[in-house]
Structure formats: C-alpha cells, structure tokens
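S.K.: Chains A, B and C, in that order, are what the protein sequence lines are.
Yeah, the first sequence ends on 281 if you go by the numbering used here, and it's all consecutive.
Yeah, the second sequence ends on 552 if you go by the numbering used here, and it's all consecutive.
Yeah, the third sequence ends on 829 if you go by the numbering used here, and it's all consecutive.
Hints in this document: simulated from the structure, not taken from any laboratory.
Heads up, a few of these hints could be off.
To be verified - If you anchor each label on the Cβ, the simulated ranges turn out as follows:
{"id": "1", "chain 1": "B", "residue 1": "P380", "chain 2": "A", "residue 2": "L39", "range": "41 to 47 Å"}
{"id": "2", "chain 1": "A", "residue 1": "S185", "chain 2": "C", "residue 2": "E697", "range": "29 to 35 Å"}
{"id": "3", "chain 1": "A", "residue 1": "L123", "chain 2": "B", "residue 2": "I337", "range": "33 to 39 Å"}
{"id": "4", "chain 1": "B", "residue 1": "I341", "chain 2": "A", "residue 2": "Q206", "range": "20 to 26 Å"}
Claimed, not checked - Straight-line distance between alpha carbons at most 16 Å, and here's what the computed EDC-like set of lysine to aspartate or glutamate pairs gives:
{"id": "5", "chain 1": "C", "residue 1": "K684", "chain 2": "C", "residue 2": "D696"}
{"id": "6", "chain 1": "B", "residue 1": "K471", "chain 2": "B", "residue 2": "D454"}
{"id": "7", "chain 1": "A", "residue 1": "K22", "chain 2": "C", "residue 2": "E683"}
{"id": "8", "chain 1": "C", "residue 1": "K579", "chain 2": "C", "residue 2": "E746"}
{"id": "9", "chain 1": "B", "residue 1": "K455", "chain 2": "C", "residue 2": "D674"}
{"id": "10", "chain 1": "B", "residue 1": "K455", "chain 2": "C", "residue 2": "E639"}
{"id": "11", "chain 1": "C", "residue 1": "K576", "chain 2": "C", "residue 2": "E610"}
{"id": "12", "chain 1": "A", "residue 1": "K22", "chain 2": "C", "residue 2": "D674"}
{"id": "13", "chain 1": "C", "residue 1": "K684", "chain 2": "C", "residue 2": "E604"}
{"id": "14", "chain 1": "B", "residue 1": "K444", "chain 2": "B", "residue 2": "E459"}
{"id": "15", "chain 1": "C", "residue 1": "K576", "chain 2": "C", "residue 2": "E766"}
{"id": "16", "chain 1": "B", "residue 1": "K444", "chain 2": "A", "residue 2": "D248"}
{"id": "17", "chain 1": "B", "residue 1": "K471", "chain 2": "C", "residue 2": "D779"}
{"id": "18", "chain 1": "C", "residue 1": "K579", "chain 2": "C", "residue 2": "D674"}
{"id": "19", "chain 1": "B", "residue 1": "K471", "chain 2": "B", "residue 2": "D493"}
{"id": "20", "chain 1": "A", "residue 1": "K22", "chain 2": "C", "residue 2": "E677"}
{"id": "21", "chain 1": "C", "residue 1": "K579", "chain 2": "C", "residue 2": "E745"}
{"id": "22", "chain 1": "A", "residue 1": "K70", "chain 2": "A", "residue 2": "E270"}
{"id": "23", "chain 1": "C", "residue 1": "K576", "chain 2": "C", "residue 2": "E604"}
{"id": "24", "chain 1": "A", "residue 1": "K22", "chain 2": "C", "residue 2": "E766"}
{"id": "25", "chain 1": "B", "residue 1": "K455", "chain 2": "C", "residue 2": "E644"}
Don't be surprised by glycine CBs; every beta carbon is placed ideally from N, CA and C.
The primary structure of each chain is shown beneath.
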Amino acid sequence: MGNMVTSPNSVTSEIQSTSLPKSWAPPPFIKNRILRWGLMLGLVLYLYLSVGMLEVNWTRIYEGLDRGAKFVFGFMNPNFAGRWSDISEGIIESLMMTVTSTVIGIAISIPIGFGAASNLAPLPIYLFCRAIIALSRSFQEIIVAILFVAIFGFGPLAGVLTLSFASIGFLSKLLAEDIESMDKSQAEAVKATGSPWWQWINYGVQPQIMPRLIGLSLYRLDINFRESAVVGLVGAGGIGATLNTAFDRYEYDTAAAILILIIGIVMLSEYISGYIRAGVQ
Amino acid sequence: MTEALSSTPKVWQHRNRNQQLLSWFLWLTGTAIFMYCWQMISESTTWFFVWDAPRIAADIGSRMIPPRWSYISELLEPLWDTINIATIGTMLAILMAVPVAFLAARNTTPSTKFVRPIALLIIVSSRSINSLIWALLLVSIIGPGVVAGIVAISLRSIGFISKLLYEAIEEIDKDQVEAISATGASGLQKLIYGIFPQILPAFAGISVFRWDINIRESTVLGYVGAGGIGLQLNASLNVLAWPQVTLILILILLTVIFSEWVSAKVRHAII
Amino acid sequence: MLEIKQLIKKYRTGDLAINGVDLKVEKGQVMALIGPSGAGKSTLIRCVNRLETPTSGEIWFNGENIVKLRSGKLRKARRNMGMIFQEYALVERLTVMENVLSGRLGYVGFWRSYLRKFPQTDVKEAFRLLEKVGLEKMFNKRADELSGGQRQRVGIARALIQNPDILLVDEPTASLDPKTSRQIMRLITELCEEHQLAAIINIHDVALAQMFAERIVGLREGNIVYDGHPDNLKPDVLTEIYGEEDWTAVRKNKAKKGTESEFDDESLSEEHMAEMM
C-alpha cells in the first residue's frame with residue numbers, strides 16, 4: 001500500500017504542485033483497476049448465483065414457525081426433571097470425556113509441538129509433525145468420530161480418541177508457533193552455559209512457553225467440552241445422543257434444558273479459566 | 282523467592298515448602314481425577330471391539346482404496362452447496378455480529394448495566410453451542426435443506442465474531458477517537474472516522490478466519506440433514522460404500538486447503 | 553473571548569487536578585501554559601473543549617458557558633476550538649487527506665463524511681493548508697507512514713481547517729526532537745498570527761515557551777502561580793512554579809568545562825533545558 005509512485009493520484013499531484021489540485025477522492029483499496037472491477041463483478045456474480053440457487057421452502061418454514069415458537073417457549077420453561085437420569089448421565093459422561101481427552105491431547109501435543117517448531121527440530125521430524133497437525137486440523141471432529149466409531153465400536157472411547165486427536169492439531173500448532181516466536185537470546189544464554197539438550201529445553205525454552213501452554217490447554221478444555229456434546233450424534237458417547245433423541249421427539253423443553261446446562265458449564269469454565277490464566281501470568 | 286532469601290540458612294530452593302506441597306497436591310488431585318474419568322470411560326467401552334480395532338482398521342483401509350472416482354459427478358453440487366453454506370452463513374453472521382460487538386464492548390456500549398450483559402449472553406450462547414447442534418435444531422424446526430445449514434452456521438458464528446471483535450474494539454487507541462470528537466463530530470462520525478479504521482484489520486482477519494472454520498464445519502452439516510456434502514457422506518457410510526467415502530474425504534481435504542489458502546491471501550492483503 | 557472562572561476539576565480517584573483557576577484569553581493572543589507534570593495543564597485545556605467535564609466553575613467562550621452545553625450545542629462549540637495533541641492522535645489507518653478533512657466533520661453531514669464527499673471548498677482549503685505545512689505531496693499517504701514531525705503538521709492542518717477561534721495545544725513538541733520542536737512551534741505561532749487565532753499551548757520546555765509565546769502562565773498543583781510576560785520569567789519565578797533547583801547550574805558547569813563552552817548547536821541547549829525541567 002505504501003507504493004505511491006504507481007498511484008495515478010500522486011502523479012497528478014506532482015505535476016500540479018504549483019497549482020494545487022481542486023478535487024480529491026480517497027485512493028482505491030485495490031490499485032489495479034482490472035483486478036478491482038473483476039473482484040467486484042465476481043462477488044456480485046457469486047452472490048447472484050449462490051443466493052439464486054437457494055431453494056427455500058416457504059410453506060415448510062411457515063409450518064416450522066410453530067415449532068420455533070415451541071422451542072423458544074421450551075427455553076423459557078426448560079424441563080430438567082422429565083429425563084433427568086438421561087441428562088445427568090450424558091453430561092457426566094461428556095465431562096469425563098472432556099477431562100480424559102484434554103489430558104491425553106496435551107501429553108501427545110507437547111512432543112509434537114516441539115517437533116513442529118522449525119527452530120528446534122531437524123527437517124524430517126519437522127515435516128512428520130507438521131503432517132500430523134495438518135491431518136488433524138483438516139477434518140471436522142464428526143468425520144473423525146465416524147471413522148473411530150467404525151473402528152473402535154460405539155461408546156465414549158471413540159469420542160475420547162476423536163477429541164484427543166483434534167486437540168493435538170490445535171495445541172501442537174499453536175505451541176509450535178509459540179516456540180518459533182520465542183525470545184532467542186534467553187534460550188541462547190542457557191545454551192551458552194554448555195548445558196545438555198534437555199536442560200536447555202528445561203531452562204531456556206520451557207519457562208517461556210509455560211504460561212501460554214497453560215492458557216491454551218484451558219481453552220482446549222473448553223472446546224473439548226463443547227465438542228463432546230456433538231460427537232454423541234454419531235454414537236461416540238456424551239450428551240449428544242440424549243440431545244438428538246430430544247430433537248427427534250420434538251421434546252424442545254428437554255432439549256432446551258440440555259442446551260442451558262451446556263451454556264452454563266461453558267460460562268463457568270470460562271470464568272474459572274480466566275481466573276487461572278490471570279494467576280499464571 | 283523473597284522468603285527463601287530472607288530465611289537464615291542460605292539454602293536456595295526453587296519453591297518454599299508450602300508451594301512444594303501445594304504443587305504436589307495439585308498434581309495428585311489432577312492424576313486422581315484423570316484416573317477416575319479414564320476408569321469410567323473404560324467401563325463403558327467394549328474392549329473386545331477395541332482389541333479387534335487394528336484388524337478392522339486394516340479391513341476398512343483396504344476397502345477404501347481405490348476411491349470411486351466416477352462418483353465425483355454426484356458430488357459437485359453438494360460441494361457447491363457446502364461452500365455457499367459457509368460463505369452466506371458467514372456474511373449473515375457478520376451483519377448480526379457487528380452490532381452485537383459494539384453493544385458488548387465496554388467503550389462503545391450504550392449501557393454497561395443493561396445492554397452489555399445481554400450482548401454478552403448472546404455471545405456466550407452462540408459460542409457454547411456447536412453449529413451441528415444448531416443445525417439439528419433448525420432442521421427440526423424449518424426442515425432439512427441448505428437454508429437450515431446457512432442459519433446454523435451464522436448462529437454459531439455470531440458469538441465467535443462478536444467476541445473477537447469486541448475485544449478488538451476495547452483495545453483501540455482512545456486518543457484517536459478523542460481527536461475526532463474534539464473537532465465537533467457527531468457520535469456516528471466518531472464511529473466511522475475514529476473507530477472503524479482502527480478495527481478494520483482485526484475485523485477482516487476475524488471474518489476470514491471464521492469463514493475458513495465454517496468451510497470445515499459445513500462439510501458435516503449434511504450429516505443431520507442441513508445440506509452440503511455431509512449428506513453424501515452419511516449416505517455412503519450407511520451403505521458402507523467405502524470407496525465413495527474416500528473420494529468425499531479427498532474432496533473435503535482439497536476444499537479445506539483451498540479455503541486456508543484464500544484466507545491467508547486475504548489476511549496478507551489487508552494488514 | 554475565552555474566560556475561565558473558578559474552574560475546579562476533581563477526578564473520581566479524588567485527585568484535585570485544578571483548584572479554582574481564573575483565566576482570560578483575548579482574541580489573537582498566544583499563551584503558553586507551563587508547569588511540572590501533574591500540575592493540571594492538560595486537564596485545563598481538556599476541560600475547555602469538554603473532553604473532561606469540570607467539577608465546578610464556568611468556561612465562557614464566545615458568549616456561551618461551555619460547562620452547561622449539551623450534545624448538539626457542545627459539538628457546535630467544539631467546531632470553533634482546534635485541538636492539537638502530544639501524540640498527534642491522527643487516525644493512523646486513514647490517509648493524510650482524510651485526517652485533515654476530519655476537521656470538517658462538525659460541518660458535514662453523516663453520509664457525506666461516510667462517502668468522503670466533502671464540499672469542494674473544504675477540499676480546496678485542505679490542499680491549501682497542506683501546502684502551508686509543507687505536506688502537499690503526501691495527501692494520499694497513510695498517516696502511519698509519516699514521521700513524528702510530519703504527523704504533527706497534519707494535526708495542525710486538521711485543527712486549522714475547523715476554522716477555529718482558538719487553538720488548544722497539548723504538549724505539541726514532547727514527542728519530537730529539538731529541531732523539529734522549534735519548527736512546529738514556529739509554524740503554530742505563525743499560523744496563529746495569520747489567522748488572528750488565540751492559542752493556549754501546554755509546554756514543559758520553558759525555553760521554547762519564552763521564545764514563541766507572548767504571555768506565559770505558570771501552573772502548579774492546579775493553581776496559577778505566574779501570569780505575565782516571558783521576559784519576567786526569572787529563576788525565582790521558576791522556583792515557584794517547579795520547586796527548588798539551581799536554574800543557572802547547567803550553564804555554569806558548561807562554562808567551566810571550557811572545551812564545551814560554545815553551544816555549537818542551539819537546539820542542544822534546549823534539549824538540556826528540557827531535561828533539566
């Protein structure tokens with residue numbers, strides 16, 4: 001953006017510097033005229049095509065308004081009692097999956113994160129770890145859960161493995177970026193004392209990334225809980241199955257109760273993790 | 282540390298005894314909780330299947346290859362739908378998220394006591410509930426189809442975009458806004474001259490980042506009937522057509538790589 | 553034209569920033585406000601255009617009591633007061649031209665300002681002012697590409713395009729090097745003369761204040777302790793404003809050293825003065 005020489009405006013201003021220009025328009029965001037109009041045209045065309053091809057079944061939506069109202073009403077009067085045993089079992093299972101998968105995820109992410117940091121790892125290890133991260137990040141949890149259910153059978157173990165796998169992609173990537181951007185001089189100072197590799201990691205690198213690692217882990221704990229509510233849809237355990245049943249039976253008051261519980265737990269965990277993060281830094 | 286220094290025998294310890302005890306206690310509790318949770322999960326797992334898993338995995342793996350390339354003719358339209366769900370969904374979300382963000386930011390909200398908590402509640406509700414659950418809800422209310430997917434994506438994205446945006450608004454340089462109000466500008470003018478330019482890079486970055494995520498999320502919405510390629514995935518899985526599943530996964534991978542490339546490009550152009 | 557009566561500003565923290573100030577500024581008068589950090593210089597001029605709300609007292613400007621004004625009328629009053637900031641306070645991601653034209657926001661409606669369709673006369677005036685401050689070729693540069701001195705020039709153009717009656721200038725040179733500081737001060741005083749503008753200039757550099765202002769007001773702990781001609785600013789007055797200090801010490805030491813006794817660079821001495829204060 002700083003290259004003003006190519007801008008038509010500045011050229012005119014140099015010519016007219018003795019007699020000042022009288023009009024002014026803000027410089028366009030994209031300098032190249034063809035590219036600018038091309039992008040605009042493309043956007044309009046895309047919107048026309050995509051919105052135009054939407055098939056909206058208005059009668060179905062109109063009929064749905066009734067159910068929508070019922071859902072809103074359900075939110076006002078959530079029914080916790082009706083299926084309390086299902087709900088509590090599901091929530092507890094979700095929470096257990098969250099804890100287990102986060103712990104496993106962190107344990108595996110740390111070595112992979114170090115391996116994926118270009119300033120620490122040799123090239124083959126770097127590429128291998130980056131490949132794992134890319135694989136984990138590309139596929140949505142549900143797809144992974146479907147495969148794991150097919151392989152390991154129904155139940156929370158498939159869910160735990162799914163969430164652990166997803167955590168690896170998230171934590172390792174951010175951890176690796178953090179290691180790559182850490183203060184070199186601090187790490188070099190420790191290296192200069194002639195300490196072996198593991199001591200160098202322990203004294204030079206670990207203190208720098210620890211607060212961030214704790215913050216990220218707490219954040220991932222939060223995400224894993226939210227995701228644990230979904231993997232149940234494909235039979236990988238947790239509250240998702242109960243929620244699915246409630247929607248299938250149009251029991252919106254029960255569904256609302258579950259959603260309120262989820263929101264409440266997320267709010268609570270955000271509050272606690274904010275507290276812990278403040279303490280760590 | 283200071284306590285360690287002031288104690289009479291000058292023995293240096295990393296932590297004093299209480300801190301050491303606390304640290305051990307936390308580790309012990311953490312390990313106990315983890316072991317308990319693992320125990321519970323292990324109890325509701327059929328280990329017979331798990332021991333059989335390598336064989337099954339190998340079996341599925343062998344069935345998945347080679348992918349059924351001819352199936353692609355049936356996938357192009359769902360793929361187009363998937364991209365549209367993500368894109369239109371993100372656009373709708375932006376429209377709704379911007380006002381919410383301004384109502385939630387401490388320095389722009391009209392009232393911290395009344396409006397801000399409501400905005401924050403909208404944000405946390407939207408964020409807590411996965412787009413797949415929103416889709417489940419919407420399919421149940423307005424019926425299956427792309428529209429349910431678009432609305433689900435936008436409902437989920439509001440919280441995400443608003444949260445990051447309101448944090449950006451709270452971090453703006455106050456002086457620049459003050460300078461604009463010192464010229465006698467009105468409230469709206471302060472907004473467009475003092476605040477918008479400052480949050481524009483953050484806004485663009487957040488939007489593109491969310492669009493990137495939404496592409497991933499919209500690949501599975503079809504699983505609950507909300508349109509897109511997930512519908513084909515579900516159908517192929519139901520009939521155990523593994524070669525088709527492989528092709529779908531490859532296609533999803535390519536789409537995700539493409540979206541990541543686009544978002545990196547846009548972010549680079551704006552900042 | 554501007555008359556401040558018994559102004560008191562107490563912050564919510566309990567700090568008493570201004571403790572009953574009376575001050576009158578005539579049309580076209582360039583006044584420097586000096587005093588140590590925390591004396592209430594900034595608070596005083598921020599009260600004048602109501603970036604801070606005074607606790608009590610009156611501020612009469614063009615026949616209106618600023619303290620009593622509400623939104624619409626306050627905006628009209630602010631249009632007639634140009635403000636220049638210490639850290640320039642330009643909108644960094646807007647172009648130089650947009651920053652200058654933002655000084656006209658009080659006169660232009662929302663849509664015109666949103667679409668950047670300012671009246672022709674405003675654009676012409678903006679170009680004229682940019683030439684005046686020596687930035688006529690930079691108008692489409694983004695503000696964050698400019699150097700400190702250039703930014704402050706844009707800030708001056710933004711204040712002047714408001715066509716104000718008074719300039720409120722808050723430490724215009726605190727973030728600049730000595731040479732640029734002098735250039736900026738000279739520019740401000742020249743423009744004030746040309747447009748018959750009054751100005752209140754907060755400045756901690758006493759030498760600069762003496763050089764460019766026709767009247768100096770010393771503030772200490774929220775009270776006016778000196779009000780008079782720059783030439784009467786003797787060490788005993790400085791002591792009253794800033795507290796005990798040997799105001800001639802630096803010069804003496806310099807003179808003793810001999811080799812460095814010549815001030816080969818005028819601006820250097822200013823820097824030392826500034827440091828001393």
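S.K.: It remains to establish, for every hint, whether it holds in the given structure.
M.R.: Hint check:
One distance hint, 41 to 47 Å for the beta-carbon pair P380 of chain B and L39 of chain A, is violated here, with the actual separation near 27 Å. Taking 29 to 35 Å as the suggested C-beta distance range, the pair S185 of chain A and E697 of chain C conforms, at roughly 30 Å. At roughly 35 Å, the beta-carbon separation of L123 of chain A and I337 of chain B lies within the given 33 to 39 Å, and the hint holds. Range check, I341 of chain B to Q206 of chain A: about 40 Å between beta-carbon atoms, so the 20 to 26 Å window is missed.
The hinted pair formed by K684 of chain C and D696 of chain C fails the criterion: a straight-line CA distance of about 21 Å is larger than 16 Å. The suggested pairing of K471 of chain B with D454 of chain B holds, with an alpha-carbon distance near 13 Å, which does not exceed 16 Å. Under the criterion of a C-alpha separation no larger than 16 Å, the hint pairing K22 of chain A with E683 of chain C is consistent with the structure, at around 13 Å. Distance check on the hinted pair: K579 of chain C and E746 of chain C sit about 13 Å apart at the alpha-carbon level, within 16 Å; holds.
For the suggested pair K455 of chain B and D674 of chain C, the alpha carbons sit about 26 Å apart, so the restraint of at most 16 Å is broken. The suggested pairing of K455 of chain B with E639 of chain C holds, with an alpha-carbon distance near 11 Å, which does not exceed 16 Å. Simply put, K576 of chain C and E610 of chain C have alpha-carbon atoms about 12 Å apart, close enough for the 16 Å limit, and the pair holds. Under the criterion of a C-alpha separation no larger than 16 Å, the hint pairing K22 of chain A with D674 of chain C is consistent with the structure, at around 10 Å.
This hinted pair does not check out: K684 of chain C and E604 of chain C have alpha carbons roughly 31 Å apart, beyond 16 Å. About 24 Å separates the Cα atoms of K444 of chain B and E459 of chain B, which puts this hinted pair outside 16 Å; it is violated. Note on K576 of chain C and E766 of chain C: the hinted pairing holds, with a Cα-Cα distance of about 14 Å set against a maximum of 16 Å. For the proposed pair K444 of chain B and D248 of chain A, the alpha carbon gap of about 32 Å is over 16 Å, so the pair is violated.
Only pairs whose Cα atoms come within 16 Å are accepted, and K471 of chain B paired with D779 of chain C is rejected, the gap being roughly 37 Å. Distance hint between K579 of chain C and D674 of chain C is unfulfilled; the C-alpha atoms sit about 24 Å from each other, more than 16 Å. Restraint check for K471 of chain B and D493 of chain B: the C-alpha separation of about 32 Å exceeds 16 Å, so the hint is violated. Using a Cα cut-off of 16 Å, the hinted pair K22 of chain A and E677 of chain C holds, with the two alpha carbons roughly 9 Å apart.
A C-alpha spacing of about 11 Å is found between K579 of chain C and E745 of chain C, which places the hinted pair at or below 16 Å, so the restraint holds. Simply put, K70 of chain A and E270 of chain A have alpha-carbon atoms about 30 Å apart, too far for the 16 Å limit, and the pair is violated. Between K576 of chain C and E604 of chain C the CA atoms are separated by roughly 19 Å; this puts the pair beyond 16 Å, and the hint is violated. Restraint check for K22 of chain A and E766 of chain C: the C-alpha separation of about 37 Å exceeds 16 Å, so the hint is violated.
Note on K455 of chain B and E644 of chain C: the hinted pairing holds, with a Cα-Cα distance of about 12 Å set against a maximum of 16 Å.
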